[in-house]
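Trainee: Line order of the protein sequences matches chains X and Y.
Under numbering that gives the first Met the number 0, the first residue of the first sequence carries the number 0, and numbering increases by one thereafter.
Under numbering that gives the first Met the number 0, the first residue of the second sequence carries the number 0, and numbering increases by one thereafter.
Mixed in with the good hints, there may be bad ones.
Sample of chain X residues facing chain Y (criterion: CB under 7 Å; computed from the structure) [unchecked claim]:
1) V89
2) Q265
3) Q266
4) L270
5) H271
6) E312
7) P313
8) P378
9) I391
10) S394
If you're looking for bench data, these hints aren't it; they were derived computationally from the structure.
The beta-carbon is built from N, C-alpha and C at its ideal position, and this holds for glycine as well.
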Amino acid sequence: MYTRAVLRHLYKGLALLLVLGSLACGGKEGAGQGPVTLIVGRVSDAIGLDPARVTDNESVEICGQIYESLLRYRSGTTEVEAGLAVSWEVSEDGRQWDFQLREGVKFHDGTPFDAEAVVFSFQRQLDENHPYHLADSSGLDFGWRSAYQNIVSVEATGRHSLRIAIDRKFAPFAANLAMFPVAIVSPSAVKEWGEEFYRHPVGTGPFAFGEWSGRRIVLERNGDYWGTLPKLGRLIFKAIPDARQRLVALESGAVQVAYSILPEEQQFVTLHPELKLYLAPANNVSYVAMNTQRPPFDNVRLRRAINRAVNREPVVKLAYQGMAIPAAGALPPTQWGYSPKSFDYDFDPERARSEIEDLLIEGGVDPELEIAFYVPSTPRPYLPDPGMVARIIKSNLEAVGLKVRLVEQEFPKHLEALRRGKHDISLMGWVGDNGDPDNYLYVLFDEENTVAGSARNLSFLADAPLHTLLLEAQQISERGARTEIYKRAQERIGSLAPWVPLVHSQIAVVARADVHGIVISPSAQVLFEQVELK
Amino acid sequence: MSAGRFRLRLRHKLAASLVIAALLPVLVAYWVGASVLLRGLERGLRAETEKQLSVGLNLLLRDIERLGHEATHLSSRGALVASLSGDQGELLSALFVESQNIHDALIQVSDVKGEIVARRNAISGQERYAGMGVTTRSPAVQAGLTYERRVTVERLGETLVVRATAPVVDDNFRLLGVVVLTMPLDGLFADQLKASLGADVLIIAGADAAGEPMMSFLDDKGARLSTWNRPGSLAAEIEQGYSAFENRSILGHPYTLGYAPISDIDGRVAGVFAVALDRAPELEARSSATRSLALGAAGAFVFALGLAGLLSRRIARPLQTLHHGAIAIAQGDLDQKISVAEGDEIGDLARAFSQMTGALKENQRRLAARMREIVALHDAGRAVSSVIETDQVLRKVVDSVARVLHLRVCALWLVDQGDDETSDPTRFLLGAARAKRSDMRTIGSQKEVAELVGPLRSLAEDVAASRGSLRVADMREHPQHSAAALAANIDGSLIASVLERKGSVVGVIVVGRGESARAFSDADENLLSTFADQAATAIENANLYARVRRFNEELEAKVQLRTVELQAMNDELGKTITELKETQAQLTLSERLAGLGQLVAGVAHEINSPSAAIRGTADTLADTVGRLSTRQTRLFQMLGPDGAHDLVDFVLQASPGLAEMRRVSPAKVRRASKQICEALTSQKVEEATARTVCKPLAELSADEDLVSHLTPYLSGGAEDGRFVVDTLTDYVSVHRSTRTIQDAIRRIQRIVGSLKSYSHLDQEAARAEADVHEGIENTLVILEYQLSRGIVVNRNYTALPGVPIFVDELNQVWTNLIHNAAQALGGEGQIDIETLVRDDGIAVRIIDNGPGIPGDVMKRIFEPFFTTKAKGEGTGLGLGIVRQIVDKHSGKVICDSKPGRTCFEIWLPMQSKSEEAANMGRAAEPGGVV
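Taking the hints into account, I'd like the entire structure generated from these sequences.
Mentor: The following block contains the structure:
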């Protein structure tokens, strides 16, 4: 009896020890529970999550996680590769595109992905009589429809095969198909949610929509994803409009990634050991367009002289506060087909002044000329401070003996005036859409885009050899040959100097030091696929 | 128990295990408790340090950032911008006014060329900023000249400085100059940080933290500490941009230090920022916790020790008593008593021990008694076995039993078995007996004994009949045999046991005791039964011995007789063997002769038919030729000499061709004659003529050409026409006959030729390389008459290399096999002959699609004289001879048969074994080879 009592005490003691032991070791394990979550702080919330309707960056970013298109850009490049389509063939005449679709893929709601879903996703925006060509309660329209006007028909030729017919041979079409507006949506989800679909997105992408409440969107890892599984279990986007607050949230660890920090904070971030700054060129260009249809800007010598007169340094350092790189052409350096220094004019105010003096003497330029410089009064993504840029350029031009009058207008009016060709010179910019050089060069320099009122070629340059080159590039699918043509086109544009290319702005993403694997795509989106926390 | 060897007593082991069992948890508890506690404290301190480091770093960064803002602010002040293009004095006063709110920096302003044009110390006193200013060439100034605003950390000797640059531009963004603010991160700065942080701060220039640190530490005299040992092992970590922690003693005081790198604008580590947290409170908490834990553990240990001692004593004492008792018993002291009062398992064990010793003692006693009996029995058994005469055996048995079992009466009856070994219980004989009188003296006279035990005979018979044994404790109360027992002087206990040998009763032994003696026990009965077995064996042995002796004598006589008989038989056998050998030789010869006979029959047949053909044809030929000569004359009359000549020429020319034609069937003749008739009429031949000649022409297979050629000769009316055609027919007939005779002669030549190569069967030829195919072909020719029309012979020959063979003998092999195949087919079927090269030799396969050889026949086909043919059809030596010949060639015969395919394969080696080996006629190999 005595022994038993002692034993009982011993057992009690042992049990106590076990409890102590588990307490000692348990602390660490507890922290590893729950999905690995990354929170992103950004300027504003998404507007809607229907890829066919969105235009704002915040919405597009989330659509990029949830949806996929037939084709996609190879990670970190503008090169097109297979997405939801595994292969494709283009007919001889370039008008029939046959796609073989990936099999075994499912939408997040379990609907199988097939050719019918693709047809549905295209037709609901292209065909006005489509039963789901509906108004959306977000108020967003199918704004991208015009970009796909060249599509004649989209037909399923099998459960996993598809044919898209377009009206003429058009090589950049592949790049168009990699864009988000033609991402494939779950037909059953569209049918179920109707006009509320924009708040209940269902795609096939690496992340599935979780919830959207307040200004916070939660995405969950799609465990059935056909491609490489994301390393993050959960991805949360949180809108924190105040830049200062965003930085504080980042410093405190409330978010792990923050976008759009103030330029003046950049150095603080650089020096901070717990934060990491990622700068990436935004897929854009800002420029001064000279109206080549209006004298004296029809004179290429004047245009070249002006190119030499503009100093990009204060533009970059002061107006963009360092968040930009000087441009020497229309294409950003990350765009395939980019040709370095196609505008080969160094800042040389002395030479510019003497060239202009020559023109004045020769009578090519009226000495009394007061240049109408059209400038937007409101900031644009590629022009954070248009006023300062305008004044820097004005001072540059005045320094070489030209008189400049600023015409500052709100952006819509500014754009309208420009499209009608009312300007002598104008301050503008362009954001690339589809990662194809055509989207810059054809759109901004081809004579077909000089129709007053809807012109996008704002220098109204009409050059036959250039036109030939640009159309030719549209007809060829082979990348090497196209690159070669675009190189020649850029040289031609540079020598005609219809612009003063200013800068390609940069975007800054700040992340905590324990966030690894951040890659920023040429379209200035963070690729979350390989991001992980260590 | 070996003396001197160290032995752990059970008590010690028990105590030791209890101590360990108690101590181990205490130690574990102590260890875990201490480590949890200490780790917790350490972790807390580390977390605190981390927090302070983070806060401190932030403060530092905010100061750096602020400097940047101050530079930007200063550069945009209108007064400064305006005065920068003005004179020096104006500039200095503008600078003084505008930089009032900058509280700690060296302020420098350069012009558009980078020339420093103004300077001001925010904190007066030159030493603080001495040597820290920038020049035109400084990166800070150069950056400003490209409009760049910049804040960075730079290393200047042992000091880190923060430099903020801002360009000064006018309203048109024209560059006028650069503002550069420089702030040293020195001891003073460290003091400021310490004031807001509450912890000591170190700032070390250089990535490796090797420089002289700027510290907020003051020694006991109030002087700033300046000596420093670099944190060696952590430097690499810090250099790569990670935070690092260490414990170290500064000024004799313990601290935890957290280091964080400070990067410059390009991300390079320019220096190290560190905070130091006082460890003293933590160390104190730690030591007090350790102390109380140790104390607790020691107390627990002492308590456990005492408890273990007490327990082991209580358990060990009764065990010890038990131990001593057990040893005493083991040494043979069965009177030892083990007294343990405990009511537990040990007490039970002691009681069991006591019972066990009691039982042991009883068993020992019984064992001794039994031993004695067994010894006696053994002696008796030996005595009994030592004699072989039956009478002696019986006597010994009875004497031994009586002596061993202390008997009054012992009697043994035997069942008389006689010579036929069948036992008859009615023939019950008293074998031996021994008895005592009532005065207990042994009766000497055998006759008297027999009389005394006589009455027990019926009892013995009963027992023998029941084949069991009988034990009665008191015979006086036995219902049947009490009187008999009393008569035999048995008034006490009795046992009757049967003697059995190989399942049959050979006798009964009856033993009895007087009233005064102990009644027989189980053991006695067992003993008697054992003894009875032994006695039965002994009696049997004695009987056998007698019988063997008798047989031996008889055998000797018989052997004598048999030897004579065997001699005669042996002679006979010798004669038979000789005859057999002769017969075999004859038979072999007769088989060969039979082959020869077949050959001759074949040849005769072959030659007979062509010669008959020649004879028949010759007769017809003579007739036809005779007829032709008469026809000649009529033709001349009919056609004139020229016409006749032409016709004869034509007929002579056409007839050999027509003779070649095959005979056509009547149906075809009818069809053809109709066509010919039409053809003739169309050529203006009279219809009557046409109808007459068309049939014979058709029979000749006349073609259009011929008919048109004949047309001119058919104009003379039906009769003449017919004559012309008959003449033609006769000519054709002559040619046909000639051909037939030629064919027949060719055939005879071929037979004779084959015969030559086939050679003689009764002569031994020499071994020579020869063409096997030729031999087979010759055989086929000779056997042709046997291969009736229904049998198709297919040849499938491969080019064969020359093989050394006895051609003639192999021909017999082919003859036998083909002949057999033909017979198996019964007149209809197919024989395939294949030759091929394989396994370093050649193989010939003769395959028929007959019914096959049944399994039981298959086993015997190579036996000489075995045949399935009807009597007289074959000798049954055919395949035996085949095998013999093939053996002689060192070859193999392989037979494989199933319904529809019987294949005999003869395999002959390319290289013949030595002649000797070939002649030895080795046995066939097992398996498919027979």
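Trainee: Return the status of the interface hint for X:L270: holds when the least beta-carbon distance to chain Y is below 7 Å, violated otherwise.
Mentor: It holds, given that the least Cβ distance between X:L270 and chain Y is near 6 Å, below 7 Å.
Trainee: Holds or violated: the hint that X:P378 contacts chain Y, with Cβ atoms closer than 7 Å.
Mentor: violated (18 Å)
Trainee: Taking the closest Cβ pair, is X:V89 under 7 Å from chain Y?
Mentor: With a closest approach of 46 Å, the X:V89 hint is violated.
Trainee: Report holds or violated for the interface hint on X:E312, using the least CB-CB distance to chain Y and a cut-off of 7 Å.
Mentor: holds (5 Å)
Trainee: Is the hint on X:I391 kept, meaning its closest Cβ partner in chain Y is under 7 Å away?
Mentor: holds (5 Å)
Trainee: Any CB of chain Y closer than 7 Å to the CB of X:Q266?
Mentor: Status holds, d = 5 Å.
Trainee: For the hint on X:P313, just tell me whether its beta-carbon gets within less than 7 Å of chain Y.
Mentor: OK, holds: X:P313 within 7 Å of chain Y, min 5 Å.
Trainee: Go through the hint on X:H271 and say holds or violated, using the shortest Cβ distance to chain Y against 7 Å.
Mentor: At 6 Å from the nearest chain Y Cβ, X:H271 passes the 7 Å test, so the hint holds.
Trainee: Go through the hint on X:Q265 and say holds or violated, using the shortest Cβ distance to chain Y against 7 Å.
Mentor: violated (10 Å)
Trainee: Does X:S394 meet its interface restraint, that is, does its C-beta lie within less than 7 Å of any C-beta in chain Y?
Mentor: Holds, about 4 Å.
Hint check: violations occur at hints 1, 2 and 8; the rest are consistent with the structure.
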